[in-house]
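> Kindly produce the complete structure, drawing on both the sequences and the hints.
There are 2 protein chains.
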Amino acid sequence: MTEPALSRRRLVASLGGAGLALAAGGVGGFELGRRDGRPAPSSQEVPFYGEHQAGIATPAQDRLVFAAFDTAATTKGELRQVLRAWTEAAGRMTRGFAVAPVEGPPAAPPLDTGEALDLPAARLTVTFGLGPGLFAAERGLGLASRRPAALRDLPALPGEVLDPARSGGDLCVQACADDPQVAFHAVRNLARLTRGATQMRWLQLGFGRTSATTSTQATPRNLHGFKDGTNNIKSDDAAAMTEHVWLGRDQPQVWMRGGTYLVARRIRMLIETWDRSSLDDQQLTIGRFKDTGAPLTGSREHDPVDLAAKGADGQPVIPLDAHVRLAGHAENQGVRILRRGYSYTDGIDPLTGELDAGLFFICFQRDPEKQFAALQRRLGSVDALREYIQHTSSAVFAIPPGFRPGGHVGDALFA
Amino acid sequence: MTEPALSRRRLVASLGGAGLALAAGGVGGFELGRRDGRPAPSSQEVPFYGEHQAGIATPAQDRLVFAAFDTAATTKGELRQVLRAWTEAAGRMTRGFAVAPVEGPPAAPPLDTGEALDLPAARLTVTFGLGPGLFAAERGLGLASRRPAALRDLPALPGEVLDPARSGGDLCVQACADDPQVAFHAVRNLARLTRGATQMRWLQLGFGRTSATTSTQATPRNLHGFKDGTNNIKSDDAAAMTEHVWLGRDQPQVWMRGGTYLVARRIRMLIETWDRSSLDDQQLTIGRFKDTGAPLTGSREHDPVDLAAKGADGQPVIPLDAHVRLAGHAENQGVRILRRGYSYTDGIDPLTGELDAGLFFICFQRDPEKQFAALQRRLGSVDALREYIQHTSSAVFAIPPGFRPGGHVGDALFA
Chain Z
15 MTEPALSRRR
25 LVASLGGAGL
35 ALAAGGVGGF
45 ELGRRDGRPA
55 PSSQEVPFYG
65 EHQAGIATPA
75 QDRLVFAAFD
85 TAATTKGELR
95 QVLRAWTEAA
105 GRMTRGFAVA
115 PVEGPPAAPP
125 LDTGEALDLP
135 AARLTVTFGL
145 GPGLFAAERG
155 LGLASRRPAA
165 LRDLPALPGE
175 VLDPARSGGD
185 LCVQACADDP
195 QVAFHAVRNL
205 ARLTRGATQM
215 RWLQLGFGRT
225 SATTSTQATP
235 RNLHGFKDGT
245 NNIKSDDAAA
255 MTEHVWLGRD
265 QPQVWMRGGT
275 YLVARRIRML
285 IETWDRSSLD
295 DQQLTIGRFK
305 DTGAPLTGSR
315 EHDPVDLAAK
325 GADGQPVIPL
335 DAHVRLAGHA
345 ENQGVRILRR
355 GYSYTDGIDP
365 LTGELDAGLF
375 FICFQRDPEK
385 QFAALQRRLG
395 SVDALREYIQ
405 HTSSAVFAIP
415 PGFRPGGHVG
425 DALFA
Chain F
15 MTEPALSRRR
25 LVASLGGAGL
35 ALAAGGVGGF
45 ELGRRDGRPA
55 PSSQEVPFYG
65 EHQAGIATPA
75 QDRLVFAAFD
85 TAATTKGELR
95 QVLRAWTEAA
105 GRMTRGFAVA
115 PVEGPPAAPP
125 LDTGEALDLP
135 AARLTVTFGL
145 GPGLFAAERG
155 LGLASRRPAA
165 LRDLPALPGE
175 VLDPARSGGD
185 LCVQACADDP
195 QVAFHAVRNL
205 ARLTRGATQM
215 RWLQLGFGRT
225 SATTSTQATP
235 RNLHGFKDGT
245 NNIKSDDAAA
255 MTEHVWLGRD
265 QPQVWMRGGT
275 YLVARRIRML
285 IETWDRSSLD
295 DQQLTIGRFK
305 DTGAPLTGSR
315 EHDPVDLAAK
325 GADGQPVIPL
335 DAHVRLAGHA
345 ENQGVRILRR
355 GYSYTDGIDP
365 LTGELDAGLF
375 FICFQRDPEK
385 QFAALQRRLG
395 SVDALREYIQ
405 HTSSAVFAIP
415 PGFRPGGHVG
425 DALFA
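These protein sequence lines are chains Z and F, in that order. Under my numbering, the first residue of the first sequence carries the number 15, and numbering increases by one thereafter. Under my numbering, the first residue of the second sequence carries the number 15, and numbering increases by one thereafter.
Be a bit skeptical, because a hint or two may be false.
One copy or two, it doesn't matter: identical chains are merged, so the pair holds either way.
With a Cα cut of at most 25 Å, we get these calculated SDA-like pairs of lysine to any residue [to be verified]:
#1 Lys324 / Asp335
#2 Lys324 / Ala308
#3 Lys248 / Asp167
#4 Lys324 / Glu368
#5 Lys384 / Arg350
#6 Lys324 / Pro120
#7 Lys324 / Asp295
#8 Lys248 / Asp317
#9 Lys324 / Pro119
#10 Lys90 / Arg391
#11 Lys384 / Asp264
#12 Lys324 / Ala121
#13 Lys324 / Asp167
#14 Lys384 / Asp317
#15 Lys324 / Arg263
#16 Lys384 / Gly210
#17 Lys248 / Asp295
No wet-lab data here; the hints were simulated from the structure. Keep in mind it's a predicted model, so treat the numbers as computed, not measured.
Structure follows, in structure tokens:
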């Protein structure tokens, strides 16, 4: 039924077809992709072009489909064709258009699979990344000299039992939207567009609460039942984004200026264990109250986390191993990351009979080793929460900067 | 970490605890479950009590979490305790309340896991079912004489390659809501409430488009990209519901009057194969146009399906093996079912490297053998669509009628 092993012959055939198809619609025909015009109010569109890729500083949408791909490309040019085809298609889909008109030649497969027809853009963003493997000298793509120093596989870290089938990858596509059907459609159609040149390696769905029907849960709760994200970098805090997330002019690899690095970790929550622990245990583990999200030293969610406060017994009110203490930047030399995670559940773990559910954790930073890995080295060793979680997958990707109309993701890499 | 095998000792301990906890809140304390009162506008609540269980004739919500459980109950009374505890908890959750106040005794595990705090009811419905296995004489629950004749495991059917780990079960919980976090919370908390007495057997997430942001996709599209449901029974068509779905006074098992039967089938779509087939092939396979959903004999979605129409070549316009012809009641002696399916994707199939995605098909009917099985016997043999799909799981459950405040699902079974 399929050829899991990539073949160069299929690669060439595939890219030839995609290129041809895209060229055919390049004169504006794609604007008619959705038969009845654009159904979306413009407020449902997130700008696709700009200094940075969308989907990073963009306020988090409700749903995630994240996919990692391997590629059979053997030259820079072939890799570039994939990125160009993906960028062009994503540009259309993020505006609420189909990849191509459904009413194409009846004897050919439709270029758009159709399940998002008539659906709005739903704040779709598609964010692309390049894995470390593409830059290995032995890979032969001629990109070794363009590898940014910070782009490396993560070292082994405490608290992880990684599944290689859900880890790594040459390329990543993070599709976020307020509609899961729109996000799934985007990933599926990108996969289809470059089939043969790319092979999907793993895929993860993520969910959260539905913001359109929710006005009261301002900070979303994760599957531990706690508010998650209170102390996250605010994506409109330009100074913090510059300091912790965006690569600036000091980045020697010019093609990555304005970019960042994505770390993805599938963090399984041992839900049954957590659910059997007492409210006290849970709150001391996190360092916050479960109902309000307030730190144990306050009464409202955004009250300051007072790490020095001591109780009547002379002990810190926020325990030394509480998650909020160990993860916060106050005790991490100011190190911060921009988190953008989604809850997931993938059914029952056949080995234990327990729910396989937790947090698909995504973060963005200037340097994965100095930021995510440094934090996780400490959290995985001493955080009280480590008893209740396990990192089961890991991946790191270079996220090139944004691009202009006519350009494509990573175009400066090929200049 | 867990005890996948159910033990009677845990069963008793679990039910004792749940019973106690529920009793403690039974005087109205649970009404305070969500700290700040009910956040939901009443339009987001689906009535929980009534002649029939909610979640059947209820207009389909956007998201599904479906779970099947096995139970360690060895007496009718123990089974009844599970159903009573589930009903009481579901009654609160469907109104937007927590199972119990989060601010319980700090030394005890919270009775509600918390991730839906502050979220509205989100049209949550929780629908319960009983599997055939509970009624087997050798099971020893004393229910053999109460088995309705139509409640049987489905026979082997064409077009299926079933995974036993995703099939069957003693009990089912269908949680539907417009918010996936609300639906997941419901299933998780029911599982937790009766842990030891029940063990989750399998769990399936389903998604669809987001109705709150969609005005133009009236009939949802499935992952084949076609509109799906045009000819479904309209759930407000009382005559059709009575004829095809609800068990009436002629049902000799009195406890099932007002109930129905649920059949669940995980229908994997061979997406890569489908996506490589031409638009012509796709449209002839379904018997409808992809963009409009109109039958091949019409131009608008709700135009009549003219099975007799012939083209210039003298051949039927809607082919003899088209899905719309073979699945429609016109050619099935009037047999109909109420469908209520959701799209799913569960990542990559490790065997083929292809997407494991498709339709989690749920249908309701008066007799699974005479309705679903009769239809599938024909579809699985001659439907042109059978090339592109495969049924990978199967389950059947008796869905007892609705109940009144103070009652519980299936209460008449124990009378």
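> Give a verdict on every hint.
Checked hints:
1. Lys324 / Asp335: This pair counts as within: shortest intra-copy Cα distance 14 Å, inter-copy 76 Å.
2. Lys324 / Ala308: Answer is within; shortest intra-copy Cα gap is 17 Å, inter-copy 70 Å.
3. Lys248 / Asp167: Classified as neither: same-chain Cα gap 27 Å, cross-chain 54 Å, threshold 25 Å.
4. Lys324 / Glu368: neither (38 Å within a copy, 56 Å between copies)
5. Lys384 / Arg350: within (10 Å within a copy, 61 Å between copies)
6. Lys324 / Pro120: between (73 Å within a copy, 20 Å between copies)
7. Lys324 / Asp295: This pair counts as within: shortest intra-copy Cα distance 18 Å, inter-copy 72 Å.
8. Lys248 / Asp317: Classified as within: same-chain Cα gap 16 Å, cross-chain 51 Å, threshold 25 Å.
9. Lys324 / Pro119: Cα proximity of lysine 324 and proline 119: across copies only (23 Å, versus 73 Å in one copy).
10. Lys90 / Arg391: neither (35 Å within a copy, 52 Å between copies)
11. Lys384 / Asp264: within (16 Å within a copy, 72 Å between copies)
12. Lys324 / Ala121: Result: close only across copies, 21 Å inter versus 74 Å intra.
13. Lys324 / Asp167: For lysine 324 and aspartate 167, neither the intra-copy (41 Å) nor the inter-copy (62 Å) Cα distance is at most 25 Å.
14. Lys384 / Asp317: Classified as neither: same-chain Cα gap 28 Å, cross-chain 62 Å, threshold 25 Å.
15. Lys324 / Arg263: neither (44 Å within a copy, 69 Å between copies)
16. Lys384 / Gly210: Classified as neither; 36 Å inside a copy, 45 Å across copies.
17. Lys248 / Asp295: Neither, since 29 Å and 50 Å both go past 25 Å.
The structure shown violates the earlier hints numbered 3, 4, 10, 13, 14, 15, 16, 17.
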